[in-house]
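With chain A held as given, fit chains B, C, D, E, F, G and H onto it using these hints.
Chains as they are written, first to last, in the working numbering: chain A, 8 to 225; chain B, 8 to 225; chain C, 8 to 225; chain D, 8 to 225; chain E, 8 to 225; chain F, 8 to 225; chain G, 8 to 225; chain H, 8 to 225.
Just to be clear, a hint being listed does not mean it is correct.
Across the chosen pairs, the derived CB separations fall in these ranges [unchecked claim]:
#: 1; chain 1: E; residue 1: Trp134; chain 2: H; residue 2: Glu145; range: 49 to 55 Å
#: 2; chain 1: F; residue 1: Glu145; chain 2: H; residue 2: Ala63; range: 43 to 49 Å
#: 3; chain 1: A; residue 1: Asp62; chain 2: B; residue 2: Thr121; range: 49 to 55 Å
Which stretches of chain C does chain A cover? Using the computed rule of at least three CB atoms under 8 Å from a CB of chain A, they are [said to hold, decoys possible]:
#: 4; stretch: 147-158
#: 5; stretch: 172-179
The hints are simulated quantities; they were obtained by calculation from the structure and are not laboratory data. Built from N, CA and C at the ideal position, the CB exists for glycine as well.
Residues per chain, in single letters:
Number of protein chains: 8
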Amino acid sequence: MSDFNLDWQREARTGVAEAVLCEPKTPAQIAAILGEAAARSARLLLTRLALEQYDALPRALREQLDFEPLSRTAILGGLPSGKPIEGALVVAAGTADLGPAREAARTLAFHGHTAPLIADVGVAGLWRLNEQLGRLREARVLIVAAGMEGALFSVVAGLVSAPVIALPTSVGYGVAAGGVVALHSALSSCAPGVMAVNIDNGFGAAAAAIKIMEAARR
Amino acid sequence: MSDFNLDWQREARTGVAEAVLCEPKTPAQIAAILGEAAARSARLLLTRLALEQYDALPRALREQLDFEPLSRTAILGGLPSGKPIEGALVVAAGTADLGPAREAARTLAFHGHTAPLIADVGVAGLWRLNEQLGRLREARVLIVAAGMEGALFSVVAGLVSAPVIALPTSVGYGVAAGGVVALHSALSSCAPGVMAVNIDNGFGAAAAAIKIMEAARR
Amino acid sequence: MSDFNLDWQREARTGVAEAVLCEPKTPAQIAAILGEAAARSARLLLTRLALEQYDALPRALREQLDFEPLSRTAILGGLPSGKPIEGALVVAAGTADLGPAREAARTLAFHGHTAPLIADVGVAGLWRLNEQLGRLREARVLIVAAGMEGALFSVVAGLVSAPVIALPTSVGYGVAAGGVVALHSALSSCAPGVMAVNIDNGFGAAAAAIKIMEAARR
Amino acid sequence: MSDFNLDWQREARTGVAEAVLCEPKTPAQIAAILGEAAARSARLLLTRLALEQYDALPRALREQLDFEPLSRTAILGGLPSGKPIEGALVVAAGTADLGPAREAARTLAFHGHTAPLIADVGVAGLWRLNEQLGRLREARVLIVAAGMEGALFSVVAGLVSAPVIALPTSVGYGVAAGGVVALHSALSSCAPGVMAVNIDNGFGAAAAAIKIMEAARR
Amino acid sequence: MSDFNLDWQREARTGVAEAVLCEPKTPAQIAAILGEAAARSARLLLTRLALEQYDALPRALREQLDFEPLSRTAILGGLPSGKPIEGALVVAAGTADLGPAREAARTLAFHGHTAPLIADVGVAGLWRLNEQLGRLREARVLIVAAGMEGALFSVVAGLVSAPVIALPTSVGYGVAAGGVVALHSALSSCAPGVMAVNIDNGFGAAAAAIKIMEAARR
Amino acid sequence: MSDFNLDWQREARTGVAEAVLCEPKTPAQIAAILGEAAARSARLLLTRLALEQYDALPRALREQLDFEPLSRTAILGGLPSGKPIEGALVVAAGTADLGPAREAARTLAFHGHTAPLIADVGVAGLWRLNEQLGRLREARVLIVAAGMEGALFSVVAGLVSAPVIALPTSVGYGVAAGGVVALHSALSSCAPGVMAVNIDNGFGAAAAAIKIMEAARR
Amino acid sequence: MSDFNLDWQREARTGVAEAVLCEPKTPAQIAAILGEAAARSARLLLTRLALEQYDALPRALREQLDFEPLSRTAILGGLPSGKPIEGALVVAAGTADLGPAREAARTLAFHGHTAPLIADVGVAGLWRLNEQLGRLREARVLIVAAGMEGALFSVVAGLVSAPVIALPTSVGYGVAAGGVVALHSALSSCAPGVMAVNIDNGFGAAAAAIKIMEAARR
Amino acid sequence: MSDFNLDWQREARTGVAEAVLCEPKTPAQIAAILGEAAARSARLLLTRLALEQYDALPRALREQLDFEPLSRTAILGGLPSGKPIEGALVVAAGTADLGPAREAARTLAFHGHTAPLIADVGVAGLWRLNEQLGRLREARVLIVAAGMEGALFSVVAGLVSAPVIALPTSVGYGVAAGGVVALHSALSSCAPGVMAVNIDNGFGAAAAAIKIMEAARR
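Bound-form chain A, shown alone (with noise of 0.2 Å):
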């Protein structure tokens, strides 16, 4: 029997591919999944791979790979055809939440979505947020990356009315170690409407922000 069982009837029945989480899969593995979607020329999008796993692949898969080292994401196959979707935004508080983001930002593009990137306006000099307004109110849906004490989250939500993924990030050390803080922040805001993923989860954050669009669109 089989280690793997891939559900690739799940976009068509949830709106969202299934994505492949590297991180506690051993290369053999890995690259077995990448077999069966390159049999079925089926695209795939690979989340949380370290480059020490990517290396470890066979050099012809690494070469249909389109690999990011910093989101730690692969696409198989490709972004699809066609026009963009417009509407989702991404912002990240600071330099070092841009892993997160990234990931959220290739799992857009994955989908068909457009993606811009924020970076690095984070609330301690709050002129920085100010500057770019205007963006955030045209968002139809914002995904916000932040660590720390993730106080951007509520910042965000009291100036928009768009609804915010909050993206916690690992981004921190003491009491921030891990993230905890930064999700605690997001789910207990005191601006209504801010609704959490997991830390460090891109690709969910990027998800809920591909079915609230698709709510939009039906």
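Just chains B, C, D, E, F, G and H now, with coordinates in the frame of chain A:
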């Protein structure tokens, strides 16, 4: 200087009105806020209003409120006129989750949305969920309220394409006391696109749903 | 041997008088301490004195106390004469944070400081904070009281050059219950120079502010 | 005095043989234990034996061991002869859960049981589970291995009458890192009769299954 | 639509009947469920029914219930007729663990099993346990209820070959408050094959024991 | 079968008599235990006996008990005759720590030891401790009771050569609520040789001190 | 769009310059930030710069940096000219606390302050602290760095009148691993007026001290 | 000013010499401390000295040290001459607990005590403990080292009258990872008089035992 300073422009700015979180306030503070709202002829939603707090309000104020003990919500000024907006659906895993689920439904109604509620469809008996599959798939946004281990979030999100807002409840005991297990199950769901709000935060879940419905209408 | 041994020299040695933390003490113990202070004609500050504890004190003692239920503080012997020292400012994020904020203000007053208090300036409506920006920037030391996600600490500290003492409060529910999220937000603030005291410790926040004001006067 | 004192009578007394937990032991300690077992011509199961530990053993010992890196188990002395006992079934939610699931299967085999394993039937795609429903209902005892939010425990236990042993795995990240969410989901399952073992404890899950099968044979 | 939707087929499907967890329900909700059961002439088990909740039920319902305050259980419709199934044994470490232990015993009886209970055999005096060794070794499945440090789980499991279901109780204070230490001791027991249920979950422990006994009878 | 089975030989076997932990027991259970002790003319120590529990005992039993509400202890049968053993000393950091400190002192007295108690010597005013340095250095074993941050454990252990038993108390609020900070301070003390017992466990601290004193007498 | 957007006005606005937290950044990101600073001829402070990150920077950049491995800090552009401001004092409990203590001292120096440092004055030997009492009492603001149980915070704060900034360090193991015990000891200190910053946050402690010194100079 | 300031009078003042905790120190710092000790011809105990740290010391220093990798201890200057003091006994639950157990034994030897060690007597096979009962009952003070669930603490303390020092070890995985379960089992033991030290703190356990033995000799 006053003890409070309501943000009357919040609905215009963010799409959701400021609600009064009553739990940490004294009856005198609640009465003063209600007085200001009445003076402005403004509608107002009160959340986490315990029966004891309600009973301690002046009779004249109590008579103006539509109070529901199960959800601990009160509405001043009635529901909006006009045809309600359709598309949101509230699902409660068990009878014990009805408090937060009703808080969400009441918040939806306060903002002019329909708020149908399906109760007692926990995963220990999947046939109950299957009976409701048609209604689940018709919804444009779902709020799923569950305590204990919160398995319902993943099961529902694996079946529908609409966005799923997980509303973890504090129902449970032992390791599940306080609702953290349900919250963490929502955040680490194997079904992509689940978004979570704070434990028992029916108001926040509804606020998010309203923003998603608005995004769909723009 | 006596059950207590007050440190009457503490104010001379450290700049802040010993206060009586009443919560874990019996009414008999509190009464005995008040009796010794009265016998010395000493002024005394009592903190975390619940209404039930106050009511259980002998009437003669109650009549000598200036008791404020909201902050659970009582003062024996009145405020110091002379012109109060100016420079400290207390800011409360919401109405619900007024208890600890008032404990700080009362402690400042007990030690001869002015204690102005700005209430209800949470970040979900930044305009409220902006209206107070002038007063915030004039202060020589700020105590900021906030519960929930505590985003106010970072926002204020990013706007002023005076030291900011974060006073996290236990206002909140779900993951924010007990105040730990607000505390951790203060500690991991992206705005440098925020200092934190224990949750609901208005006395400690004021003690720190008094020491900072004294350092400025030496 | 010796560093170890193996409990050779344990299988007779409790039905399950003592296994050697290798993780916290030095290679020299492991080699000494294997030496004593070989001297007694005893069969022995080693668990949590890392590849590095295995490689550090003397070659003569390595050649006597049947070592499987994925499950980190090694068997000295082969499997028991005779017809294996049928009835146990191991289910793994995802490919990433195969390590602990295989540890359980190897432990069953060491004790003379068949150990069929069904992989990749997570609840985000319930159709995969439904395809296996017949096999699930035939089993006399089930070990279900799952990480992340562990929703599979409740879903399986709601479908079968045999005892379900939940084997939470450490697969996950963010709040699910380390496996505590899966463990807590098992413990607070809304489906009655789920029993849990420690995170990644495939040996313990199998030991429990063996005892249950024995109880059925007495 | 109704607030509840009982899973009357659960016993046929899984071997254990659905029980009504009363703690998070209002008396009105409990009464409505009892009413439906009575209308079907169905037997019903209620768990975690506080004395105050019981007292708030209509007298007519109370008179139909067999209520035991110590275990907070009530039975509607009496025990099953016919010869009880023998083999299960409940062991309680101390007098204080009798509440959950009795909940387990009552659940066993409701499902037609004998439910002998041995009390006060904690490991601080091993002679008490040794006196009962014969009865312990005769049982086909054991439920061991213990709070505090839960050392009894390991000691019993090291002495018998039958499966041991650890029922951690919330008895304890300081670090042991709430029962987490006992639960964790069960999960990390050095004696293989111990399985754990949630803290104070006597119902779940009994449900597991019933499934194990059934597995033995198939 | 009886609900309890007292270990009357424990004092002979381990040097400390079994005490009855009353908190999790019903008044009927406590009364039954007292009845058995009275029938044997045995002395008995009751701990964590709340005033409400004491008041619910039959009057005849109450009259035989020496009950102290502050320490929640009761003694049946009086103190031992003969000259008390000298050497133990109990130190309490603050007035609020007197409950557990008195529980320790009463347990010492029950077992025939003197139990002097020094109160209110917290480290915020080291002069209070210095005044008692002679008595501290004369003791053969010290029990130090402290809540809050528990700095007293390290300071005392750095000054004396006798063994120091840290008795953390649950006095505190915010992060110190429940006593875990004091406990952890004791365990990670920079002064070697500090030993800790559970939070508020005055009985256990005294039991350890008694065993240490006995070791010195053998 | 750029990955970073430095807040060059922060020193003017808040009194403390933005520093670059290097730990979560790639060498390429750090090099780009240094490049922008060099282009502006701006001075810059880098914190949490691991030796491996430093070694991965281009040689030309490395040669411009004053790098100190123990504190993991680097300074671009040297210290400010002019007479340093006197008054701050850094105290380290043990040799192992020198890393964060030096980060604080280097940050003070970067901003034009003297930064004397007293090392190894832990409370297990109070005589070491007493030898330094004069210097402690002369300081206008103190930063106290301590790990383990952090008793030094309370002892120092009980002896001086200047503000005390507690800098908990991650030195410790067992329950003290990571520094949470030291942090919690600071927050729950029985000596009033202790303020805490995050674990190992020497930069933040110094930023707070600088603001306090500035408040004294206005 | 020096980075360190050893407390050479500690043994005279408290009965136990200061040891050098090497884990958080650099090799240069360790070498400097050893240099000062050698210059004084002082004996010195080093704890938590990793093999890598030892290897990084200058060869001349390494040759003066008696280093044992398993316990990570090194002794400078050899053991004391004269007849060792008898009475202490170290017990280790399993082979994996030998590291901390040996640290305790080496610390005892450094201070002139015998340090017999009994290994591998975990409670899953009580017969192993019973074989050693005579030796256990002869000891005047016992150090019991155990990880996992730590049931051995309660079982031993129920069998002997001497004081029992629980030394929890970090052996374990899942919920038991890091040793907190064993620590909490010790603290909440149902056997009175168990005292605990920090996880893996073999030095502290021995320091406590030495103080107890000294108390017995005064």
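Hints, verified against the model:
Distance hint check for E:Trp134 and H:Glu145: the Cβ-Cβ separation is about 21 Å, which falls outside the suggested range of 49 to 55 Å. Taking 43 to 49 Å as the suggested C-beta distance range, the pair F:Glu145 and H:Ala63 conforms, at roughly 46 Å. Here the CB-CB span from A:Asp62 to B:Thr121 is close to 54 Å, well matched to the stated 49 to 55 Å. Remark: the stretch 147-158 of chain C is confirmed as covered by chain A, as 4 of its residues place a Cβ nearer than 8 Å to a Cβ of that chain, reaching the required three.
Taking a C-beta to C-beta cut-off of 8 Å, the stretch 172-179 of chain C contributes 1 residues in contact with chain A, too few for the three needed, and the coverage statement is violated.
Hint compliance for this structure: hints 1, 5 are broken, all remaining hints hold.
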